[in-house]
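Make the full structure from the sequences, and use the hints.
Quick note on numbering: the working numbering labels position 265 of the sequence shown as 259, and the sequence is numbered without any gaps.
Treat the hints loosely; a few may be bogus.
[To be verified] Distance windows between CB atoms, simulated:
hint, residue 1, residue 2, range
1, Arg121, Pro184, 41 to 51 Å
2, Gly151, Glu117, 15 to 25 Å
3, Arg12, Gly84, 13 to 23 Å
4, Ser131, Gly45, 17 to 27 Å
5, Gly41, Ala143, 28 to 38 Å
6, Ala134, Glu178, 35 to 45 Å
7, Val150, Ser85, 23 to 33 Å
8, Ala270, Gly41, 42 to 52 Å
9, Val161, Thr47, 45 to 55 Å
10, Gly45, Ser224, 18 to 28 Å
11, Arg12, Arg222, 13 to 23 Å
Derived by calculation from the structure, the hints in this document are not laboratory data.
For glycine and all other residues, C-beta sits at the position ideal for the given N, C-alpha and C.
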Amino acid sequence: MDLGKMTSGGSVAASWLRPITAGSLPPFTRAGQVGYPSRRLGELVQGRPQGVTGHQWSTALREGFDQVVCAADTGRPVFAVQLAPPAPAGSAARRAERMTSVVCAAVGLPVLRVESSALRGAEQARRLVEYVIDARSYAAGSGPESGDAVGFREIVGRLPDGRSGLVNDLGALARVAAVEAYVERRLADPIVRGLHVQWTGGPAEGWSWIEVRPGRCLVERVNLFVQRFSCGVAPGRLAEDLAAVALGERLRDLDAVEPYLVDRDELREHVRRLAARRDDFDGGFAFDHLCED
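Structure (structure tokens):
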């Protein structure tokens, strides 16, 4: 099988990614790209690149993605999205993730991996894919020559509740739901708060929380691994917004959140410990007012 072509320098540039078709699950089209749900890595690649071991290869091919985005004209994968629960260091899931990352790097497949205890399923993955496609398209058309200094995340417009605000805040619906729950006296405080950091050489980490009972907070954390890829917005900002989305998922059933609540003082201490590691971050760390009162 011929996987490559000769470059001008005489080397072989292999194309390890194969075009994919819709199959039984209907795709969606957006901005000249097509999204396919529920695909295994084994469906996207052909041949094993040099430097990838047999064990890495066989393990990675079984791993699945929630969405794979392809170029509409060629069908070749552009990037993949995976939503997964947090996995402890040294676990089988973490080892499989590392081997999959090696293989995806070798075949040239950018991957956006979201680790969250609350975000799951095709609906959340598709929403994220659509957001990223839009953000990347906007960023591609808003360079210095365009004179448009407003980032995708900072665009102001009409929110779902009719107010003016940041329309490309993925957590907007969660924030509206929190206000509604507060008005109904089901929350102690209506404000969704958060923070984000970018670990040096590692994932972006986003936090989002809200005070459900007096002194008791619901907290969601998201790790966002962006591999060889630009999201169109800063990964840290996106991770915090995704944490707000996860918080909104929990707020759908307030009667079920009691086991997830933490004391406000405990949350404050967690944030302070995170802040103490600011030398490990790209871009530093800013205290939230939670740590200052």
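Could you see if the CB distance from Val161 to Thr47 stays within 45 to 55 Å? 46 Å, holds
CB-CB spacing for Ala143 and Gly41 relative to the 28 to 38 Å hint: 45 Å, violated
Ser131 paired with Gly45, Cβ distance criterion 17 to 27 Å: Taking Cβ atoms as reference, Ser131 and Gly45 lie about 34 Å apart, which means the hint is violated.
Holds or violated: the 41 to 51 Å window for the beta-carbon distance between Arg121 and Pro184? About 23 Å separates the Cβ atoms of Arg121 and Pro184, which means 41 to 51 Å is violated.
Between Gly151 and Glu117, does the beta-carbon spacing fit 15 to 25 Å? Roughly 23 Å apart at Cβ, these two residues keep to the hinted range, so it holds.
Outcome of range test on Cβ distance (Ala134, Glu178; 35 to 45 Å): 43 Å, holds
Lying within 13 to 23 Å: is that true of the beta-carbon distance Arg12 to Arg222? 19 Å, holds
Determine whether the Cβ-Cβ distance between Arg12 and Gly84 falls within the hinted range of 13 to 23 Å. Since Arg12 and Gly84 have Cβ atoms about 33 Å apart, the given range 13 to 23 Å is violated.
Can you let me know if the beta-carbon spacing of Gly45 and Ser224 is within 18 to 28 Å? 25 Å, holds
Kindly confirm whether 23 to 33 Å is satisfied by the beta carbon distance between Val150 and Ser85. Given about 43 Å between the Cβ atoms, the range is violated.
Does the beta carbon distance between Ala270 and Gly41 stay inside 42 to 52 Å, or does it fall outside? With Cβ atoms ~47 Å apart, the hint holds.
In summary, the structure is inconsistent with hints 1, 3, 4, 5, 7 from the numbered list given earlier, while agreeing with the others.
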